[in-house]
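Start from the sequences and build out the full structure, keeping to the hints where you can.
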Amino acid sequence: MGLIQAERIMREDPAHARLPHDADYAHGAAFIDGRFCSVDTAAIPITDVGFLHADAAYDVVSASAGQLFRLPEHLARFEQSCAAFRLRNPYNERQTIAVLSRLVQLAGTREAYVWWCVTRGAMPDSGSERGNPSAYRNCFYAFVIPYLYIADDDTRNRGLDLRVSEQHIRIPEQAVDPTAKNFHWMDMKLSLFEARDRGADFSVLLDARGNLTECPGANLFLVRQGQLYTPDSGCLAGITRATVLELAAARGLPAHLTRLPASALREADEAFLTSTAGGIMPVNSVDGRQLGSGGPGPLTTQLHNDYWEKRWAGWHGTPVDYSAAQTTHTDLLIEARHHP
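Using this note's numbering, read the sequence shown as starting at 230 and increasing by one per residue.
These aren't lab readings, by the way, just hints derived from the structure by calculation.
Incorrect hints may appear among the rest.
[Said to hold, decoys possible] Computed spacing ranges between beta-carbons, pair by pair: (1) THR487 <-> GLN403: 15 to 25 Å; (2) MET415 <-> ASP269: 36 to 46 Å; (3) ALA466 <-> ARG359: 24 to 34 Å; (4) LEU281 <-> TRP544: 38 to 48 Å.
Bear in mind that the values here come from a model prediction, so they are computed numbers and not experimental data.
Don't be surprised by glycine CBs; every beta carbon is placed ideally from N, CA and C.
So this is what it looks like as structure tokens:
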């Protein structure tokens, strides 16, 4: 059994084709604190401390074949992230869904990468109030672009080459909660640069005790003797990660959330990464050591194909209504209403 060539199917199959859209939205659509615009003209105020201090929570959901995947779970995680950082989404759930759906409509994207965040907002007029969460007006921003693959068909067919970072560790949980999706990416970015400098595709970060955590923007799984293992701490509670656990249960595959040393990954039979921007991504090697016979292993291939087949069949999907895509631009201002 080979991997489903998901990228090619999404690019060539008419069921996945992009719909007609205004030329302004050729590269995508954005929503900037109350107004829709093209992604090319979107901008945030330079004094927003989301920009100045990475003070924000965000989330990403994907659409395929015109269906948003596990949207309720993404929305719930987003609200949990906001609560963890004492942020408040100025839109309720219904309004948030309306904004995200409208962006997908405007861009005409059946295959879409849908990103949104709440930032702290501009610095208060009085510097003495910067430690008071209620002194800020939290702001909502979002954008939609055509689906973004962080591992294309060719890369998934051969499998990713990973490097366990030697220069960087994951930000400790006591500093920034990794289960709340946040802008604190410098540890992950620097480890990714390190991996690329060493000829690898992707990095893996350890915690201060030498246990596996996650990869830049992706959760990590390994397979040993027909069983799945994934780190239980130091990582995002990924929606694709949860999906893999559900798929594994359906196949009767034992799965373990546990502490894992780096050696467990290097000695695995198979490994793969999971992310909204890529789905299930097979691993070929770790620190120059090939896993198994190299490339996608049999269990990885099964789970990868299950993931796309079930998604395209409507599993956990929220269909986008594209019939409103031609609405005139006079209705594009949405008033922010805080939760009662």
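Hint-by-hint comparison with the structure:
Roughly 20 Å separates the CB atoms of THR487 and GLN403, a value that falls within the hinted 15 to 25 Å. Checked against the given bound of 36 to 46 Å, the beta carbons of MET415 and ASP269, roughly 27 Å apart, lie outside it. In this structure the supplied range 24 to 34 Å holds for ALA466 paired with ARG359, their Cβ-Cβ distance being about 30 Å. With their beta carbons about 41 Å apart, LEU281 and TRP544 fall inside the hinted range of 38 to 48 Å.
In this structure, only the earlier hint numbered 2 is contradicted, and the remaining ones agree with it.
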